[in-house]
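Peer 1: Residue numbers (mature numbering (1 follows the signal peptide of the UniProt record, and there is no 0)): -17 to -1, 1 to 83.
Since the hints were made in silico from the structure, they are not lab data. All C-beta atoms in this analysis are idealised placements derived from N, C-alpha and C, irrespective of residue type, glycine included. It is possible that some hints are incorrect.
[Unchecked claim] Simulated restraints, written as ranges between beta carbons of each label pair:
#, residue 1, residue 2, range
1, Q9, A57, 44 to 50 Å
2, L64, A11, 32 to 38 Å
3, E14, G51, 46 to 52 Å
4, A11, E54, 21 to 27 Å
5, G41, E18, 16 to 22 Å
6, M67, V46, 18 to 24 Å
7, P36, G69, 24 to 30 Å
8, T38, P10, 46 to 52 Å
9, C32, A11, 17 to 23 Å
10, M(-7), G69, 47 to 53 Å
11, T12, E54, 24 to 30 Å
12, R50, A11, 22 to 28 Å
13, Q9, G51, 45 to 51 Å
14, R27, Q62, 16 to 22 Å
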Amino acid sequence: MMISLLSAAAMALTLQAQPELQTDAQPATPEVEAEAAQTRADRRNERVCERRPVTGSGIARRVCSTRGEMEDRAEADRQRLESMQGVITVDQSNGFAPPQ
């Protein structure tokens, strides 16, 4: 009982101590929006390298490309995977895919 009273008192003090959030957000100006768009474009053109595992090998391979190319490749891979998953249906009674 004493612990629950102490917990309630601590929670009340914590809630009172938190400042209120300001909601005076102003819409972005066209200059700020243009700068943000340019930053996003620059980021897509940035060249980055990452290590990717090679199937059957313990050594990773270094692959370099732009962030935009990596994002496009990841999206294409995701769409390809989704299309393959949609084609294969498994019979729940025996766990095998029906002949097509």
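Peer 1: Would you list, in rising numerical order, the hints stated earlier that this structure does not obey?
Peer 2: When the structure is compared with the hints, numbers 1, 3, 5, 9, 13 turn out to be violated.
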